[in-house]
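Throw the hints in and build the complete structure from the sequences for me.
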Amino acid sequence: MTPVLEAKGISKLYGHVEALTGANFDVNAGEVVALIGDNGAGKSTLVRILSGTEPATSGQMLFDGKPVVLTSPVDARALGIETVFQDLALAAHLSPVQNMYLGREVMRKGLAGLLGFMDTPSMRKGSRDAFEKLGATVRNLNGPVGAMSGGQRQGIAVARAAAWAQKVVFLDEPTAALGVVQTKNVLELVRRVSDEGIAVVFISHSMPHVMEVADRIQVMWRGRRVATYRKEDTSMEQLVAAMTGAVSQVAA
Amino acid sequence: MTLTDIASAGGGGGSAAVEDAPAGRLQRIARVQALQIVLLLAITVAVFAILRPNTFLTPFNIRGMVQNTSIYIVLGVGMTFVIITGGIDLSIGSVLVFSGVVADKVMASYGGQGWDTVLVGTVVACASGLAWGLLNGVLVAKAKVPPLIVTLGSLSAALGFAQILTKGLDLRDAPRTLVDKVGFGNIVGQVPTLAVIAGVVAIGGIILLHRTRFGLHTYAIGSNAEAGRRVGLKVDRHLIKIYALAGLLAGFAGILNLGFFQSTTIGGQSNTALNVIAGVAIGGTSLFGGVGSVFGTVIGLFIPIVLQNGFIQINVQPFWQQVVVGAVLVTVVYVDQLRRAAAVGGRKHRLPFLSQRGRGTREETA
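Sequence lines, in order, name chains L and B. According to my numbering, the first sequence is numbered sequentially starting from -4. According to my numbering, the second sequence is numbered sequentially starting from -2.
It is worth saying that the hints were derived from the structure and are not from the lab. It cannot be assumed that every hint is accurate.
Said to hold, decoys possible - Some chain B residues close to chain L (C-beta under 7 Å, calculated; not the full set): (1) Ser220; (2) Asn221; (3) Ala224; (4) Arg227; (5) Val228; (6) Gly229; (7) Leu230.
None of these values were measured; they are calculated from a predicted model. Note that the Cβ used here is the ideal one computed from N, Cα and C, for glycine as well.
Given below as structure tokens:
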């Protein structure tokens, strides 16, 4: 099976600092991959490169087996790759519906659409369907997302990414700063997204969350992938050992 | 469109006509605040009407007040858009003067006193304003100079150019049609042309801001420009359009000003931008961006005019108006901020005595 997204030998230099040193990465359709590693291991840098936010210094990316070059997040989105950044990137004053469709508004038909009038009912319906499908708790489609809880906001951000992503969703620490219940909701959301056949890649520091939701776990250490495990075949002890550089796989 | 419709649309941006859930906290606040400002205006009017029953609410006096507010409303619509993006435009008074001067000169050399001359002048004034607005927009969006500095610069430069063109002396050759029909004319009965023009501009602004994608993106950029960029909004281009719109309306106000004062009022517009900003802020538009409404701006601009007129009528020194407007401005924005802090910024600066737990949108519902 060809991975939907694969990276080979990605390096990234910031001046003389090597953030990534020949990192490999791969994720298959419908799979949840956790990307773990200590602070500074290069997880976020890798995700920024894979989502088109930053260019790599060297290395190759394959999308559905074909080489691609992403120069911006817009390129990535055109391929069906969506990213939920740690800071969510929702507009706090806008409603869930407005956030859902921001930059992709559905316009009315005919002249009204050309004049800039939006088809609000259909966007509302689309949002409601998307939230319902993923079980995201959004009680109020009209209120500003800034007034909602962290869990609801995270749910909206994940649902937005999932609704637009055809292929891959990146989640940068989706459960950071969430309470127990919200975390559970977001992890369930992750599962449902992958059930849709979408590849989900998530960065996390939380071993229990990783063990709960991931199919495969890729461990990064000092700028590259040092190990890949299937969830069934590993343990927290083994993951921690890999994260601290004590264990590594030759073929990683 | 009813009053509450407009007021409610002011909250989270172009909220739809069909509400399938109770409005969010911020929208409720916006609605309450718009109502509060309307109430403040109504009380002010009522007090003066009681104190001076025979002179205050006469058609003549109302007409005067409306006429005095009209040009500010045209300016205020553009300013509302700019402030919602989190920006500011200090240059509108100078751009108004500059546009008036250029239009006056072009009309004088074109000759005539008729509608054709007025039309030429209007096009020239709008084009002049648009040019300044584009310059402001490009410097803010592309050169990344803070809007306060950019427009402080064009405030100075546009007035300077106006003075260079006129050698510092006001021009007074506005065509008669402009003065008689636009500046002092009535459309029907006692309804001043200026008021109708201001009304059309305000309604256009309300529709553009609350009902179109352009308006939605304006709120989005003011709320979180980075989020806009990440979803592919052309933030820079949008900002240029916003400043261009403010410039265009300032240019248009320039020709109206020429008709109203029959002069280019070179020395008389130094406080214009600040007065308009005060009206916008009183009307509930947040200087931090992301929140605001044109309707609020219209009401916010009426308050100073009504106060001034009323004080003169009840024989209070009219200078008190400035004191009262200053106090109203600070009070309104302070109260507004307290509530916004309780709603949107709740996770960071929540004021415990203002928050009510268990009212729908907080933590426990997730």
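Here is what the structure says about each hint:
Evaluation of the Ser220 (chain B) hint against chain L yields a held restraint, the C-beta minimum of about 4 Å falling below 7 Å. This hint holds: Asn221 (chain B) has a C-beta 4 Å from the nearest C-beta of chain L, less than the 7 Å allowed. Taking 7 Å as the C-beta contact cut-off toward chain L, the hint placing Ala224 (chain B) at the interface holds, the least distance being around 4 Å. A hinted interface residue such as Arg227 (chain B) counts as satisfied when its beta carbon comes closer than 7 Å to some beta carbon of chain L; here the least separation is about 5 Å, so the hint holds.
The beta carbon of Val228 (chain B) is positioned within 7 Å of a beta carbon in chain L (closest approach about 4 Å), and the interface hint is therefore held. Interface restraint check: Gly229 (chain B) against chain L, minimum CB-CB distance 5 Å, threshold 7 Å, status holds. Restraint check, Leu230 (chain B) versus chain L: the minimum CB separation of about 5 Å is within 7 Å; hint holds.
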